[in-house]
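Chains as they are written, first to last, in the working numbering: chain A, 1 to 247; chain V, 1 to 477; chain X, 1 to 112; chain G, 1 to 83.
Derived from the structure by calculation, the hints contain no laboratory data.
Any given hint could be a false lead.
[Stated by the list, open to error] So the derived label-pair ranges between C-beta atoms look like this: (1) A:Y15 - V:L381: 29 to 37 Å; (2) V:F372 - A:D53: 57 to 65 Å; (3) V:I43 - G:L28: 50 to 58 Å; (4) V:N133 - X:E107: 21 to 29 Å; (5) V:I42 - A:G50: 38 to 46 Å; (6) V:S206 - G:K26: 56 to 64 Å.
The model shown is predicted, which means the values in this text are computed figures rather than measured ones.
Just so it is clear, CB atoms sit at the ideal spot from N, CA and C, and this is done for glycine as well.
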Amino acid sequence: MKKVLAFILVAILGYFMITGLMTAQEFSTYGNVNLDEKISRNFIDKDVNGKSDEIIYGQTSNPETGSANYVTSIIANYRIFDTLGEVTVLFVSALGVSLLFGKNTKKYNFYESNFILKTASKMIFGLILVVGIYIFVHGHLTPGGGFPGGAMIASSILLMYLADNEFKANINKFKQAESLSGSLILVIGLLGIVTSGYFFYNFLPTGTVGETFSAGIIPIIYTLIGLKVGSELSGVIYNFMLEGGEQ
Amino acid sequence: MNLQILLIAIPLLLAFLSLLLKKQSNNLLLVAGVMNVAFLTIIQKGTTVIGGFQPPFGITLVVDNYSFMALVVLNILFLTTILMSRNSIEEYGSVLLVAMAGLNGMILTGDIFNLFVFLEITSITAYILASKNNNYKNAFHYLVIGTLGSGLFLFGIALLYGMFGTLNMHDLSIRIADVDSAVIVLPTFMIFIGLAVESKLMPFSSWVKGVLGNADDIVAPLIAGSYAATSLFVFGRLFSQVLVIDSSLKILLLTITVVTLVLGEFAAFSKSKIKEILLFSSIGQAGLVATLFVSGLVLPAVLQLINNVFSKVVLFTITGKIAKDTDTDEIAELRGIFADHKIIGVSFTIASLSLLGLPLFFGFYSKINVMFGLFSLNIYLIPALILFSTIIEGAYFIRMLLNLWNTGEEGEKSKLEYKTDKIVSFSKYKKIGVLVISIVIVLMGIFPSLLLDNLYGDKTLLNENNPEYIFEIKGGM
Amino acid sequence: MIQYFSIILMLIGIFGLLIDRNILKLIVSLNVFEIGLNLFIVSIGFVNNGIAPILTANNSSSNLNFVDPLPQALVLTSIVIGLGITSLGLAFARKIYKEYNTFDLNEMGGNN
Amino acid sequence: MENNIIEIFIGILMLFAGIKAVTSKKMLDSILYLSLLSMVAVVGFVIMKAPDVAITEAVIGSGLVTAVFLLTYSVVKKSGDIA
């Protein structure tokens, strides 16, 4: 009975949504979007603050934002305030988890660990860690960036926790890394106010599009975000592995 | 140089640092609260852009008359709440710092997706605060409803972006004005649902009872005060400026808000616990304020909102403390409790009477504005319902006050031996705090122009319902 | 096409929220809803025959037919927020389990 | 046209996984179907030319979210018997 009612309610909502989409003339149908009508056109041409020429990979130098990856240029430059909020969301939910589990200390052991498992996971641990760091350092050139990179670091920590019962990462080190990288992100933002009057102003030269050392503050911020996200999520996983949440 | 970014950046920086200085986090919270109130005196009206990118491409922070008023209300409420209940903060200092940053961000931002991000930050802090004192099940309930609501809110934003190709609120309002308003029915409704969850409008407010009914003397005044004020101010910003609503949807939204008002007051009438009475009264008041915003009466809505949140902070702080010390908030068991606590009792009474809208209190002034505003729009059904709900409100508030002051049974002569044997001890911060707020309520009631003159320096605003004046600086183009 | 699938996926999530009484499955439903929503937002920016919004040695000019990068940036934010909420919700779930020794709302009593 | 067929295939797979995740009686099944759904969504993101989103969804959505779910599930399961 309840299921039928729920189904009817959802069907009404779905009818409302789909007809609403179909009747709205302004809403372009799937695939027929004209970017010239959207603000993204200027993000792609990198001419938000004034006309610029065609951007060419490996040639254009000192555009207003230097990232070759457009998504990164939006996340870490045009809309960095959203990203700061995003980091804060993770920060506060990690804080909430540690408030809920913080009084527990004993770690839960799921399996008996053995030598082969331990050695193999140590090797994989290093590999994942390097890939994670590569991802956020090259976030302005290749897909990826601070968030997946940080999440990879956290998953390598998870692997070690699962494989090795003696593995102990110092939770206070995580907290220090989290706190310092978060504060540094804000300090970079405030430096922008000091240098030019705008919060998070990109005060470094943006270099040539496509080079490793380009895009101004973007790689620095992405690295800090990667470290912060990595340590936050490692903290969350550490808390979830603690015993005592249950009887 | 505009410094409004510091209202967000400083609490956030202190929140990050408070992980290292765990023991100092409550002091950092006070520092941030005082600094934010101090910043209010030097903030200039105007717009700043983040990263130096021009609107509508970059994210803007907007301080106009409307958001300045909201910032003043929010930061003063927040600071008084944490000052009055500083012993109850415990280890939640860092969470409150993030909450402060998020609430200020919600009011300041001029970008609709950025609003979503700040909405999520504040709701997550609210979920964590709701779980204080082992109230996990209700906090979980709140989390599920809140997440669904903000998901629908994001769906609405995505639709707006798909239609108009921009996220800046001012740019959006210009482009929306050009099209037939039937186009934006679906996104408007989705955004309405998202904000209705946070503003406690009726079908989406099922979380309120569990959360506020079990909250202590810091969580309850925060959620019924600062959080409620912020979400209603944001509601007003979106529904009276950005999303101009077409008539058929307007009727639907007005129905929801008016029903919230009437049902909320009826539910409050039928309860016997102080907290439940107050929380249902909050729901009803949220319905009233939302009704006014949807009708386009911005100034009366803001006045009513201010009256409601300041009164509610006093009432919830006192009730939260009583419930914490005595483990009950049944009126029948607390008979005559104010006989021993005269200052607290007087403040409680003033706050309640102002909420009712009796003369001499600020509530009278705001109710008068509400009524004249609605009559000027030639709407008569809604004022009738508002008057009707005020009568219900009066009945339960007077009943509650009589019982809390009077030591005897109802209708009998008061005798000392009927007085409750429950003991409450109020700290001097609480006594001073609630007394100051009630004095302010009385002063603003007698000299209503004090508030508005100091904020705007323009008396004409008092008699004219002129929304354009409030939205002086739009999204910053 | 994928746009309509994603809306139906969102509806499935809401349906799950309405019928499920198990708190872990409520969080699963929320995640289903969020995945649908994320797919929908990305689909808003899709352009027929568009290319991924990254300048490379092969796609080296800004005048090419890129898909819209902005919705993708919004979805990245949304995914991360989803992770935060999911972990907080699961932490609540464990605390609730400790209190009631069950994940089932029906067995806890009460009426939510 | 070829793209269309893949899209429809993926869409149907997603709906199947979504319905299963929401309606399965066993909690473990729900979690695993959610993981499957999220992996299929990764393919969907790749089709819509969103490599950044695809990587993030793969690492966070189908990686960490599933891990946190399974941690909760197995810790609770070890401490008492649940279905």
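Taking the hints in turn, this is what the structure says about them:
no. : hint                        : in the structure
1   : A:Y15 - V:L381: 29 to 37 Å  : holds (30 Å)
2   : V:F372 - A:D53: 57 to 65 Å  : holds (59 Å)
3   : V:I43 - G:L28: 50 to 58 Å   : holds (54 Å)
4   : V:N133 - X:E107: 21 to 29 Å : holds (23 Å)
5   : V:I42 - A:G50: 38 to 46 Å   : violated (32 Å)
6   : V:S206 - G:K26: 56 to 64 Å  : violated (29 Å)
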